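Q: Dock chain C against chain U, hints included.
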Amino acid sequence: GQQVMQIPQYQHVQEGEDFTTYCNSSTTLSNIQWYKQRPGGHPVFLIQLVKSGEVKKQKRLTFQFGEAKKNSSLHITATQTTDVGTYFCAGRTGNQFYFGTGTSLTVIP
Amino acid sequence: NAGVTQTPKFQVLKTGQSMTLQCAQDMNHNSMYWYRQDPGMGLRLIYYSASEGTTDKGEVPNGYNVSRLNKREFSLRLESAAPSQTSVYFCASSEAFLAGRALRTDTQYFGPGTRLTVL
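Chains U and C are the protein sequences, given in the same order.
The first sequence begins at 1 in our numbering and counts up one residue at a time.
The second sequence begins at 110 in our numbering and counts up one residue at a time.
There could be a bad hint or two in this list.
[Claimed, not checked] Here are the in silico distance ranges between beta carbons for each label pair:
| hint | chain 1 | residue 1 | chain 2 | residue 2 | range |
| --- | --- | --- | --- | --- | --- |
| 1 | U | 94 | C | 171 | 37 to 43 Å |
| 2 | U | 58 | C | 123 | 44 to 50 Å |
| 3 | C | 192 | U | 77 | 21 to 27 Å |
| 4 | U | 80 | C | 172 | 37 to 43 Å |
Just so you know, the hints here were simulated from the structure itself, not pulled from any lab data.
As the structure is a computational prediction, the values presented were derived from the model and not from experiment.
Don't be surprised by glycine CBs; every beta carbon is placed ideally from N, CA and C.
The shape of chain U in the complex, shown without the other chains (with noise of 0.2 Å):
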């Protein structure tokens, strides 16, 4: 069946140190969503992303989705205590969304 698989899992940082988080499908998709959630809270959508090789930008955060439409990746320069939370990538196939296991990100000040 369809599967997102994201990695890491975890990841702990420096503040100040990079991040980057990867998402992979094993079909292609329509699009892909990337949404952060702090502990303890909801999913908040962060940025969607439809072109194959599309690239966005917002502020530390670049999202790029890949050629093939089948993986993408968040990176964040310069990493903030504000930045902790889960990132989850979701992509859409057809009518639903995968969402992948997300990513943990722990920011040591």
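A: The following block gives chain C in isolation, referenced to the frame of chain U:
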């Protein structure tokens, strides 16, 4: 404008009991979703409703039923709760939905979640 609301926030059930989780959105969204979140598993789609009057199974529908009561409300029912259904349940909505097409308005807005424990 409350966004997506869910009730209850917490619930403890005994095995075999039934309950209904309520979800409502005030954003005039067409599509609504129910997910469950388990540690290390991410979010898994249980059921979704692309538009008022339609419902479809997601990835993990067994043991659940849903009702799209009207455009605003989408409920999830556990007929006979099992310990394996212990989870955090999230409802979400999105503005528009068309099968097989990518839309700008595909953003999902999530409710605060319901923490369910089945003993």
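Q: Hint by hint, note whether the structure agrees.
A: Here's how the hints hold up against the structure:
Between residue 94 of chain U and residue 171 of chain C the C-beta distance comes to about 20 Å, which lies outside the given range of 37 to 43 Å. For residue 58 of chain U and residue 123 of chain C, the hinted distance range of 44 to 50 Å is satisfied, since their beta carbons lie about 46 Å from each other. The supplied range of 21 to 27 Å is broken by residue 192 of chain C and residue 77 of chain U, whose beta-carbon atoms lie about 43 Å from each other. For the pair residue 80 of chain U and residue 172 of chain C, the beta carbons lie near 41 Å from each other, so the given range of 37 to 43 Å is met.
Of the hints listed earlier, those the structure fails to meet are numbers 1, 3, in rising order.
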